[in-house]
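*Asks:* Letter by letter, the chains look like this.
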Amino acid sequence: MAARAATTGIIGSDGFELHPADERAMLEEVHHFEQPQAACIEALKIVQRRHGWVPDGAISAIARVLGIGPAAVEEVATFYSLIFRQPVGRHVILVCDSSSCFLTGFDALKQALVTQLGIDYGQTTPDDRFTLLPVCCLGACDGAPALMIDDDTYGPVSPDDLPGLLEDYP
Amino acid sequence: MTGAMASQRNSLRYRSRLMQPESERSADTHPLTWRLRDDGEVVWLDEYLGKDGYQSVRRALSEGDPQAIIAAMKDANVRGRGGAGFPAGLKWSLTLQGDDMPRGYLICNADEMEPGTFKDRLLMEQQPHLLIEGMILGAYANNSRSGYIFLRGEYVESARVLNQALQEAREARWLGNDIDGSGFDFDIVVHTGAGRYICGEETALISSLEGKRANPRAKPPFPGQSGAWGKPSVVNNVETLCNVPAVILNGADWYQALSGDRTDDGGSKLYGISGPVHRPGLWELPMGTTGREIIALAGGLRGDHKLKAWLPGGASTGFLLPEHLDLPLDFDTVGKEGSRLGTGLLTVVPENQSMVALMRNLEAFFARESCGWCTPCRDGLPWTVKLLQALEHGEGEEGDIELLDKLAADCGPGLTFCAHAPGAAMPLETALKHFRHEFEQGITQSRGPAHQDPIPVGSV
Chain C
1 MAARAATTGI
11 IGSDGFELHP
21 ADERAMLEEV
31 HHFEQPQAAC
41 IEALKIVQRR
51 HGWVPDGAIS
61 AIARVLGIGP
71 AAVEEVATFY
81 SLIFRQPVGR
91 HVILVCDSSS
101 CFLTGFDALK
111 QALVTQLGID
121 YGQTTPDDRF
131 TLLPVCCLGA
141 CDGAPALMID
151 DDTYGPVSPD
161 DLPGLLEDYP
Chain A
1 MTGAMASQRN
11 SLRYRSRLMQ
21 PESERSADTH
31 PLTWRLRDDG
41 EVVWLDEYLG
51 KDGYQSVRRA
61 LSEGDPQAII
71 AAMKDANVRG
81 RGGAGFPAGL
91 KWSLTLQGDD
101 MPRGYLICNA
111 DEMEPGTFKD
121 RLLMEQQPHL
131 LIEGMILGAY
141 ANNSRSGYIF
151 LRGEYVESAR
161 VLNQALQEAR
171 EARWLGNDID
181 GSGFDFDIVV
191 HTGAGRYICG
201 EETALISSLE
211 GKRANPRAKP
221 PFPGQSGAWG
231 KPSVVNNVET
241 LCNVPAVILN
251 GADWYQALSG
261 DRTDDGGSKL
271 YGISGPVHRP
281 GLWELPMGTT
291 GREIIALAGG
301 LRGDHKLKAW
311 LPGGASTGFL
321 LPEHLDLPLD
331 FDTVGKEGSR
341 LGTGLLTVVP
351 ENQSMVALMR
361 NLEAFFARES
371 CGWCTPCRDG
381 LPWTVKLLQA
391 LEHGEGEEGD
401 IELLDKLAAD
411 CGPGLTFCAH
421 APGAAMPLET
431 ALKHFRHEFE
441 QGITQSRGPA
451 HQDPIPVGSV
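If you read the sequences in order, they're chains C and A. Per UniProt numbering, residue 1 is the first one in the first sequence, and the count goes up by one each step. Per UniProt numbering, residue 1 is the first one in the second sequence, and the count goes up by one each step.
In case anyone wonders, no lab produced these hints; they're calculated from the structure. The reader is advised that the hints may include incorrect statements.
[What the hints assert, rightly or not] Away from chain C, derived, C-beta distances all over 12 Å, residues of chain A:
1) Glu24
2) Gly50
3) Asp75
4) Ala84
5) Gln97
6) Tyr148
7) Gly176
8) Asp187
9) Gly211
10) Ala252
11) Asp304
12) Leu325
13) Glu402
14) Ala409
15) Asp410
[As the list claims (entries may be wrong)] DMTMM-like cross-link-like pairs, simulated, lysine to aspartate or glutamate; straight-line CA separation at most 20 Å:
16) Lys212/A to Glu75/C
17) Lys45/C to Glu17/C
18) Lys212/A to Asp56/C
19) Lys433/A to Glu397/A
20) Lys212/A to Glu74/C
21) Lys212/A to Asp107/C
22) Lys212/A to Glu42/C
23) Lys45/C to Glu157/A
24) Lys231/A to Glu440/A
25) Lys386/A to Asp107/C
26) Lys336/A to Asp264/A
27) Lys45/C to Glu28/C
28) Lys231/A to Glu34/C
29) Lys308/A to Glu440/A
30) Lys45/C to Glu210/A
31) Lys386/A to Glu440/A
32) Lys51/A to Glu22/A
33) Lys306/A to Asp326/A
34) Lys212/A to Glu34/C
[As the list claims (entries may be wrong)] What follows is a list of derived Cβ distance ranges for each label pair:
35) Gly40/A to Gly118/C: 30 to 40 Å
36) Gly412/A to Gly69/C: 29 to 39 Å
37) Gly122/C to Asp180/A: 44 to 54 Å
We put the CB at the ideal spot given by N, CA and C, even for glycine.
Turn these sequences into a full structure, and let the hints guide you.
*Replies:* And the structure:
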């Protein structure tokens, strides 16, 4: 199955318009693999980089670019924890809840986040600034407890550090 | 943004680091880390070449005998550093090759997500060319047409460093067509994931690489027979591949001697420790170093607590006790004690930690990260979490512990497609064995009537 050639504008369901630059980026990614389907995860990330999340309409658009069925895109989009299927805040906070963080203060850190942000896992602050999510061991166990904000990894982080740290993410 | 805020942000930023200074490392004893800098900056190509970089590739390609690389890896007995300990040379010898076979793929498993593990990050973020060098050797030995580094999406810094290093290597013709004038062609692509622990399982990783859900596949066929897109594929961990250049340059006997008379497993190992210790961190030490030595390097437990238990190599290994601290930490010795070496990064549990609460945390992780493919894992692990939550809150019922025993047994080896369920079972089984009384204390209620006479399935 061959991916289609780049066109000027793919419209998905719900009137979703795929940005031409994003389509080109997806087709570029296809070259790295034997089958276009392999670019599926990256294609979802490309949409997410532009929109912050992956709207339903993007699924059929990606399917058309890669020349695969929408179900093949949808089942991938719903499987991976870092593909967001509903709008998120401007900044996503991933809190590591694995064993080393659990043993070194995760509970207090998580509670402080919940208190200061007024949201729990899977929720976004009313000003659309932060979304809070759990994450698999961040591989920063010598800096536990750890968390990520967007692309930045921090640790060890104490509850007292939070106000100053969050300040940097307007 | 005020200056104080900016500095706080920078001071909290996590940086991967090795605890041993340059003065304590040498090429003779620390093949994985001797090139690392004290300032933690990346060893880029120029510096790497000045430190014997790519010399193993030059030698191997000029000798032109891929089978000799496999033989050296077998003789050195390099065992897989991703946690399973499978002999890398043996794995390579089973890769299908020949004029009638398509060339396949060399895949680096850089999906480091085992709780308590932070070693591959160091190798990728500070010394990317050692991994690239090891991958070229692996590809040459296995006749791979191209390579992938399957990197977890959260390792943003690793991706940046690896991609820049790959570009350096291409420009210097260590990657691409006709590497070093040998006629061998090979290049590497960094593939970043989008979460999910299961991607680290080698067949699930291949599914994910193909752009599908990360469900594992039945073995056989093994990836070396039919892997990515049905081609012979080799999946090796970052640290495993980083061992290859030194084996090729210095020989199997030298590699074996690195561990002295501590163990039959050769080489050095990136050992580490985390949890409530004074100086959590990473060290390159001889294979067969003991838990006591590593805890001492970390300055002991915080708060003068006594050690209650420890995991030798991640969440999917079994709990060991203080009495096991003097065992050499190699694959076979730890295996005989009912645990596994795993990744070799210790997690310590202090005496005041509830084992029930810790098990609830561990099993909640495994339940969340199950891909849902096999019933004992998909349904058994959430049930396990529910029982542990009840015990943690003193609301357990009679029979709950026996039920936990059964759920763990149902997740045992061979009952599911992959090792996720057995990995979830091992810490639970060992915790129930060593600390059963703590679980029993959570039982305050007799078994409810709903449990007493279940309707036998299939006989109604």
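*Asks:* Each hint should be assessed against the structure and marked as holding or not.
*Replies:* Right, here's what the structure says about each hint:
1. Glu24: holds, 18 Å
2. Gly50: Its Cβ never comes within 12 Å of chain C, the nearest being 29 Å, so this holds.
3. Asp75: holds, 32 Å
4. Ala84: For alanine 84/A, whose nearest Cβ neighbour in chain C is about 18 Å away, the distance exceeds 12 Å, so it holds.
5. Gln97: holds, 18 Å
6. Tyr148: violated, 8 Å
7. Gly176: Holds, since 15 Å exceeds 12 Å.
8. Asp187: violated, 10 Å
9. Gly211: Violated, because the least Cβ-Cβ distance between glycine 211/A and chain C comes to about 4 Å, which does not exceed 12 Å.
10. Ala252: holds, 31 Å
11. Asp304: About 16 Å separates aspartate 304/A from the closest Cβ of chain C, which puts it past 12 Å; holds.
12. Leu325: It holds; leucine 325/A is separated from chain C by about 18 Å at its closest Cβ, greater than 12 Å.
13. Glu402: About 25 Å separates glutamate 402/A from the closest Cβ of chain C, which puts it past 12 Å; holds.
14. Ala409: For alanine 409/A, whose nearest Cβ neighbour in chain C is about 23 Å away, the distance exceeds 12 Å, so it holds.
15. Asp410: For aspartate 410/A, whose nearest Cβ neighbour in chain C is about 23 Å away, the distance exceeds 12 Å, so it holds.
16. Lys212/A to Glu75/C: With Cα atoms ~8 Å apart, lysine 212/A and glutamate 75/C stay inside 20 Å; holds.
17. Lys45/C to Glu17/C: Measuring from Cα to Cα gives roughly 16 Å; hence the hint holds.
18. Lys212/A to Asp56/C: Distance of about 18 Å is within 20 Å: holds.
19. Lys433/A to Glu397/A: holds, 19 Å
20. Lys212/A to Glu74/C: holds, 10 Å
21. Lys212/A to Asp107/C: violated, 34 Å
22. Lys212/A to Glu42/C: The hint holds at about 12 Å.
23. Lys45/C to Glu157/A: holds, 17 Å
24. Lys231/A to Glu440/A: Not satisfied, since the Cα-Cα distance of roughly 51 Å exceeds 20 Å.
25. Lys386/A to Asp107/C: holds, 19 Å
26. Lys336/A to Asp264/A: holds, 14 Å
27. Lys45/C to Glu28/C: Holds, at roughly 14 Å.
28. Lys231/A to Glu34/C: holds, 10 Å
29. Lys308/A to Glu440/A: Distance ~18 Å between lysine 308/A and glutamate 440/A Cα, so the pair holds.
30. Lys45/C to Glu210/A: Since the Cα atoms of lysine 45/C and glutamate 210/A sit roughly 15 Å apart, the hinted pair holds (cutoff 20 Å).
31. Lys386/A to Glu440/A: Cα-Cα ~15 Å, so holds.
32. Lys51/A to Glu22/A: holds, 13 Å
33. Lys306/A to Asp326/A: Satisfied, since the Cα-Cα distance of roughly 16 Å is no more than 20 Å.
34. Lys212/A to Glu34/C: holds, 14 Å
35. Gly40/A to Gly118/C: 30 to 40 Å: holds, 37 Å
36. Gly412/A to Gly69/C: 29 to 39 Å: Since glycine 412/A and glycine 69/C have Cβ atoms about 37 Å apart, the given range 29 to 39 Å holds.
37. Gly122/C to Asp180/A: 44 to 54 Å: For glycine 122/C and aspartate 180/A the Cβ distance comes to about 52 Å; the hint holds.
Of the hints listed earlier, those the structure fails to meet are numbers 6, 8, 9, 21 and 24, in rising order.
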